[in-house]
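Residue numbers (the numbering used here), protein chains in the order written: chain W, 1 to 114; chain V, 1 to 115.
Honestly, the hints are just simulated from the structure, not real lab data.
The beta carbon of each residue, even a glycine, is placed where N, CA and C say it ideally should be.
Heads up, some of the hints might be wrong.
Partial selection, computed: residues in chain V whose CB lies under 7 Å from chain W [said to hold, decoys possible]:
1) G28
2) S31
3) E52
4) N56
5) F60
6) G62
7) F106
8) P108
9) G109
From the derived model, a few chain V residues whose C-beta atoms are all more than 12 Å from chain W [unchecked claim]:
10) A2
11) I12
12) S27
13) L46
14) R55
15) P61
16) F64
17) R67
18) S79
19) L83
20) G107
Pair ranges (Cβ atoms, derived) [unchecked claim]:
21) E38(W) to L115(V): 24 to 32 Å
22) F60(V) to G53(W): 34 to 42 Å
23) Y10(V) to D67(W): 43 to 51 Å
24) G40(W) to G28(V): 26 to 34 Å
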Amino acid sequence: TQLLEQSPQFLSIQEGENLTVYCNSSSVFSSLQWYRQEPGEGPVLLVTVVTGGEVKKLKRLTFQFGDARKDSSLHITAAQPGDTGLYLCAGEILGGTSYGKLTFGQGTILTVHP
Amino acid sequence: KAGVTQTPRYLIKTRGQQVTLSCSPISGHRSVSWYQQTPGQGLQFLFEYFSETQRNKGNFPGRFSGRQFSNSRSEMNVSTLELGDSALYLCASSLGQQRRTDTQYFGPGTRLTVL
Chain W
1 TQLLEQSPQF LSIQEGENLT VYCNSSSVFS SLQWYRQEPG EGPVLLVTVV
51 TGGEVKKLKR LTFQFGDARK DSSLHITAAQ PGDTGLYLCA GEILGGTSYG
101 KLTFGQGTIL TVHP
Chain V
1 KAGVTQTPRY LIKTRGQQVT LSCSPISGHR SVSWYQQTPG QGLQFLFEYF
51 SETQRNKGNF PGRFSGRQFS NSRSEMNVST LELGDSALYL CASSLGQQRR
101 TDTQYFGPGT RLTVL
């Protein structure tokens, strides 16, 4: 059972389009991170959200944490070819023995065509 | 501040051999977590070390082990390698303070190929 369902798995769009990636769970997360990963490299942190309902903006990227802290979304406005990559959501499940353990979604492979 | 470093970056081994991977965390970080990334399973948690003690462990066989030194550097060992162990092995460091704002920062990974 995947604890973090990420969708869509693949996204192929043209430069200038908008897109949204979703991350959903039945579990409550104490915090949730979004990472971007290039081929052959480690994930690079984009943002951490910790408060239910929180919205964070990073240039053309907008991140939202659900009120119940069970879901999150990443919205990219006017996508550019440089946005191409694997986007991963990850979080620590609230409670239990979660020391240092991030649960990851399956990832979204985004391709932005010029 | 220097990021997380992992050595070696690439490794080729044959079945039955063993391998040791190294991770140096960000200065001041005391927690190191290890993950295995494969196309089929994605990123899966192996274990986490804090102050030289394993605090958490994922669902991997005993062939996967690790340790942490007093300077917070960590090593991961895989014995009796199998073809299915081919993967990108990632380590991540954090302060380990168990606060909601404590974020993990990843290294570039070690690409292990088992032939």
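- Which of the numbered hints above does this structure break? 1, 3, 5, 6, 13, 14, 20
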